[in-house]
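Undergrad: One line per chain: the protein sequences are H and G, in this order. For the first sequence, our numbering gives the first residue as 1, with consecutive numbering after it. For the second sequence, our numbering gives the first residue as 1, with consecutive numbering after it.
Heads up, a few of these hints could be off.
[What the hints assert, rightly or not] Mimicking DSS-like on lysine-lysine, the simulated pairs with C-alpha atoms at most 25 Å apart in a straight line are:
#1 K308(G) to K139(H)
#2 K308(G) to K145(H)
#3 K362(H) to K89(G)
#4 K26(G) to K227(G)
#5 K35(G) to K222(G)
#6 K338(G) to K306(H)
#7 K81(G) to K359(H)
#8 K440(G) to K439(H)
#9 K278(G) to K414(G)
#10 K141(G) to K306(H)
#11 K306(H) to K188(G)
#12 K306(H) to K80(G)
#13 K141(G) to K64(G)
#14 K338(G) to K156(H)
#15 K306(H) to K222(G)
#16 K141(G) to K362(H)
Since the hints were made in silico from the structure, they are not lab data.
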Amino acid sequence: MMLRGYIINLCLSLFSFGSLAMAATPIQEATLNNGVRVLLMEAHNVPMVAMKLVMPAGSRFDAEGKAGTATLLAGMLSDHTAKHDFTAWADLLDADAIRLGAHAGRDGFNISLTVLKDALQPGLDALTESLLQPGWNTKRFAIMKQDSIAAAQKEKEEPGVQASAAGAALLFANHPYGHRSSGSMESLARIDLADLKTLYARQIKPQGAVLAVSGDITMAELLPLLNARLAHWTGKAAKGLNDIDKAKAVAGLQRDVALPTSQMLVQLLRLGPARNDSDFFPVFVLNHILGGGGFGSRLMEEVREKRGLVYGVYSYFIPLAVPGSFVISLQTRADQAGQAEAVVRQVMADMAAGKISNKQFKASKENLIGSFAQRMDSNRERVGLMAMIGMYHLPLDYLSRWTDRVGAVTLAQVKTQASKYLTPAQWNRVRVGPAAALKSAPLKATPQKTTPQKAITPKKPVNHTITH
Amino acid sequence: MPLYLTIIFIFFGSLLVATANAGELKQASFKNGVKLVVEEDHSAPVAMVQIWLKVGGRDEVPGKTGLAHVFEHMMFKGSKKLDAGEYSKRISAMGGNDNAFTSTDYTAYFETVPAARVAEVLGMEAERFAHLRLRDVDFQKEIRVIMEERRMRTEDDPNSRMFEELSAASLRLHPYRNPVIGWMQDLKALTINDVRAFYQQHYVPGNVIVVVVGDVDFEQVKNTVAKTFGKMKARPVDARFNPKEPESFGPKRIQVRLPAELPMLAVTIPLPVWQPGKNDTEVAALALATHILAGGRSARMTRELVDKQRKAFTASAGYDPTAMGLDLWYAYALLGPKQSPAAFEKALWLLLGDMAEQPVLASELAAAKRNMIAANVFAQDSLYLRAKEIGHLEVVGIGAANRDRWLDAIASIKPADIQQVVSQYLLPERSTTGVLLPVKKAATKTPKKKNKAEVKS
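Next comes chain G alone, as it looks inside the complex (with noise of 0.2 Å):
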């Protein structure tokens, strides 16, 4: 059944979900430095809580990557009122659902469930937050599941892996250089102690946002975030790791060379991020100059070099404009038997060009003002992707108050603004391109040797 699938969506910066039909945001701050937003909706019964946390793989040190997320998996291994297991089955037991997600930037912890026990879920989260059992027994299984996780999602699906390692290739410094799942030998090398050690560092009430949106009153859900998280003891919060990139001078290239089928090619280019107040019509431009090429039916990657030039059967493009630091931007393409790297690539720097030179057309701007307000539109649509929008920007020092500036800021763009975005950021001088090059079946002997060396840890 496809509701158990998982499907990974691309975003085309579309996380700003904006002002469209989105609720009033009603906030308050405790003395301890956790913050709380809510969104009323009181559409139907139901509530979505979210506890979000300024640490994610960035946070990590060089050779305990993948620390944030194991991290993660261990919030739910049990606490001192709670058994391991025991969270999640009261969450059900209420006709909830929970999980929680870890990036570079941040990390969450989410519940759905019938607004009327948001009050205990709270209560729950809060406990578990402080009083975490972190037992090595419970690690060293938890260990080997992240291990599978990463053979699953990464070792095994040659796109995922070449993903990897040109990101590794574009940037020197800066974290988003490392997989937040963590390279197989750091997951080998980490122990119960350095769980312990970023427990202690990290989840601290001056790292805490709580977003609830849904059928709630804000002056209750207030009330019981003070008695559960707004009691807990300040404590001294680090700053983030967050290092200037330093300029590249020419461009880089890889190759990732893996049994597969077909070869793809990728290209990185880092942006800048939002700065509300600052660069919002750099970055709005961005965004849309990526929409034009990427975004709807009428994009023109897929009209150019899919449709009419034959370059490649699929071709698409990315930009996040709430990443921390910079973003990067990426394009690629998988061909087909009879398609090359090279001349997709050709083809991809022509166009980019084309657009430094040539204004949009002032109908396909419309077009992709119109589609990115409408996406926003949908979104309004899922408790969970509002919850998520207010606690994305609220992580990452945008703030969800800022959220209705970015249709202004939309609104605003001209065909020029586009031209000076993509002449200025996109060209070839700053950009890192990966190549997926499928190698013939050897490919018997090569799981064979990893396995061994696994076995190992």
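The following block holds chain H by itself, in its conformation from the complex (with noise of 0.2 Å):
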């Protein structure tokens, strides 16, 4: 499908807030005896429940010289266990529809389950045993890896994966958020199933777990249902969540890869603020007119209906345990690249020096207001808000308060943080293009960004729906 602009694609449901300070379900917690945190929003419309397990066992926790290792033990917790080899668990999760799956973030390391109401028990056994009895087959691993490694190498064909590990290598040099969660080629070839083992040992524990959970199922129902099954699970995480360093901020560093593209990735970015900054709501806001809003911002305005030289301009930042990355991103034909960054930056300057209308202003908070109940609309959706939630230690009524913090936000704070993060001079860039075009690029004149990347997976040859 093609879609206007980036907005998300099908699948994701849309994300909207809807504008009712929608009484958001309330989000109910309980406490294992072993520490786990419990959090659920319960829905009753659609006879599924849907849930996370989250821990502070992100890539940032891979040990030097190994990013990746968080992410093959995502792909091998969930591929075999020490009871049942993969061709037994993969039967024996579709036998009953059971929807199984673990990921690495940069913080978080998470185990998700989706199943029918009617599968809850077998689903829970099944996110226990992964969870709990990981089998460590050494010609699995030794499969993964390679398959790894191919995967990606192919990737390199996509100007975002290359812009986004150049971008995080940029940006967060010698720290722990500096690689890109999949690795690189030979970050993986350099890891061992003992590295899994250790990450497995040290951060994969309870104290410090969430389980976030939205569906069909009571607290009362769910309960018993936990107890039964990861009373035996006991521990504490070697490291935190906030065991972890700032980066040193960078200012007008660059990185051009050369890629043969008849397009420029541009990309400018900086830290941006954390997850727990006090500031947060007014950033979200900044960030909402500048470019993460969609056909409204100044971005989209400017680079695309003005001028034609994009499908999209987007900015967007990462809210972790400390301060991320901010990015403005876009991808244009090679030769317009220098035109594009140099309204990019037209625009950052303008917004830092307080130009930013009180009509822009109410613009887009009527939008993040309005649209928050969309936000919520499925079960997928509140398990990753809830996990959210839950792991960065935020208020319970976080998403029932949700529309009054946007809402209490003013065009002072705006302007404020304009001035503290839009200023060009503390940007850096990078570009991905074609060589020619990167050389006969003055330094200082274009830098540009990018839509949104493209999963590895090939298009459906024909037939498909393209978004305007």
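Using the hints, build the complex out of the two chains.
TA: And the structure:
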């Protein structure tokens, strides 16, 4: 499908937050004896249950030079167990339509489960078995490692992947956030099964873990099922979520990656706010005005709507335990990259200088508040939000007070954050594109960004849909 | 943030969301040909509004590919009452999101909004539908945006480019041979007059299906549609271009040489699509066969070709029984540095041959059925997917009212049915094979030339 701009694609149910302070169903909380925090939102309209167990074991815990360890651990835990080899395990899961997966982000590592209500018990059995009885099959590890290295090579065809690797290295040199979670060909080649076991032994522990659940179930039903399965799991993660130093800010750095494409991908980047930053909401609104809000945003207006230079231009920041990246990204025909970058820098400078109209400010807030209900309108989204709330220790009324907090942001606060974050000289630049164009563009003149990255899976040959 | 990343999903014919838990469909038809389908769901105070058009890439004439999608972009460029961009701003101000999508078979415009604003949104949709302002100055900018979109999606992505070439080689007549985004030379040649002619010809009430899912009342929505889309003057509706693809007389093959890191191989085969009441068993068997090959953790292509035989590092397949006229079934493999396209290809045909000769296990078939039915339940979790299924089934002529039949068809399939369709359809002599062969990096020169050519536009 082609969607207009980079709005999320199908499947991810559109994120909107309805304008209704949407009596967000309250989050219920319980703690198991072993320390696992359980967060639940009931939703009885579809006979299904979704959940996510999240622990501080993401890629920032990869040993030095071994980027991709947490991602390989995720692959191994969901592939087989001590009791079931990979074929028996796949058959067991498919027999009950149990969707079990594991994934490593930067901070968090999660195991997720989606099941029909009537398969909840076998689903929980499967989640528990993958979590507590890893199989550590050496042959499977070798296959997984080899395929991951091949996938990493294939990914080098993608400008977005190249940019994100270069950007992480630029912003976070010698810092645990300085690599992509999936690793690189070189780092994956250095990983042994022992590295996975070490990470597992240190970080996959109940104290510090959060289990977020949404669906057709009550806390009274859920707790006995969990206690029966997880009671023997004990211990505390060696390192906590907040055991990490801030990266040192850098400015004015540049990195170019040559790729034989027709477009140039330009990303400007710097450090953004952390998840617990007291100015989180003003920066959130600022980013929405800048390039996070799709068609109404300043960048979209100036670069696409007025000049037709790009299909997509957008901005986002990744709030982590400590400041993560704040990124502006676009893709345009290589010879237009300098022009597009100049427009972006002008928008940044204008906003940093306080040129943000009250009208624009209000429109962004209205949109954010209005679309809140939609951000939570599926079990998958609710589980993701609760896992985030639990892991970063945000208050449990985070969702029910979300619209109030956005509503309370003032234009003066947004302008303060604009002057703090949007001064062009404080940003760095990554470009990915044809070598000739990289050479010809003078150092200062050319950054830009890209539209959303594509998944590595090839698209369906025909009959696919495209968005606006 | 992952929220902002576009993810391309491949459906295994699971667009059919069938019954499980779906609400009751309520429908109305208006004299001018406009149709309304509503599914009420009062679990949250939001609604999804989708306006579906029976026009897409297949309705373009040769030399003007990409026009349906270009037109979709122009729908955001202003109408009699609303300036360019104003439409989305109003939706945004009411706390909604809007967007649109185009495929070979349809174009759809959608908004997620607070349920209380549905009438207002339908009014705005009807206004721009009837009174679009098509200015050349807007078109000139937008066509450049779309060329960037094509560069991003296709020209700079070797896998996409290979699939585009393969589709074109697979079919001689059927419009699925053309990319929805359009060939670059066609995009360069399009004019505002083409856009205006397209508007006059295709944006007529008889091509409209209004779908609303969410916290609404059917009677109220019906009244609103009667006063908006329902009031438009009836105009003639063209029959859709849906030619019969000639049979082929042997396997076809192409090579695509591009700068890339690793090779890819894909195979396509034209398959029948669902005509309720006529071929339910055949098409459901094809969907299940594809699921057994490529769906779930126990997918045969992954287990046999990737994990056991080590012929690829990723392999999958897909089939959409809700396409129009035919569907191009496909299988593909991503190959590692020591894996050869020829060896994968041989192993794939052996796997398919085995499926034609040996009945699938009862447990395997049961798991496939259970997973397809579960996928339908999980899809109920999203208003967007629910509305999309309804609109899609209407537009291609299957009819949303038939969605319950699908689960019945799936449930009735026996191992012999699968053997039958695999041996009848999934054959080398009906296939087209494409191989992406990486060209070593003398590549830097190529894009330079390409750029020059494009500057002329």
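Undergrad: Now tell me, hint by hint, if it's right for this structure.
TA: How the hints compare with the structure:
no.: 1; hint: K308(G) to K139(H); verdict: holds (11 Å)
no.: 2; hint: K308(G) to K145(H); verdict: holds (15 Å)
no.: 3; hint: K362(H) to K89(G); verdict: holds (12 Å)
no.: 4; hint: K26(G) to K227(G); verdict: holds (18 Å)
no.: 5; hint: K35(G) to K222(G); verdict: holds (10 Å)
no.: 6; hint: K338(G) to K306(H); verdict: violated (48 Å)
no.: 7; hint: K81(G) to K359(H); verdict: holds (20 Å)
no.: 8; hint: K440(G) to K439(H); verdict: holds (21 Å)
no.: 9; hint: K278(G) to K414(G); verdict: holds (18 Å)
no.: 10; hint: K141(G) to K306(H); verdict: holds (8 Å)
no.: 11; hint: K306(H) to K188(G); verdict: holds (20 Å)
no.: 12; hint: K306(H) to K80(G); verdict: holds (20 Å)
no.: 13; hint: K141(G) to K64(G); verdict: holds (18 Å)
no.: 14; hint: K338(G) to K156(H); verdict: holds (17 Å)
no.: 15; hint: K306(H) to K222(G); verdict: violated (38 Å)
no.: 16; hint: K141(G) to K362(H); verdict: violated (28 Å)
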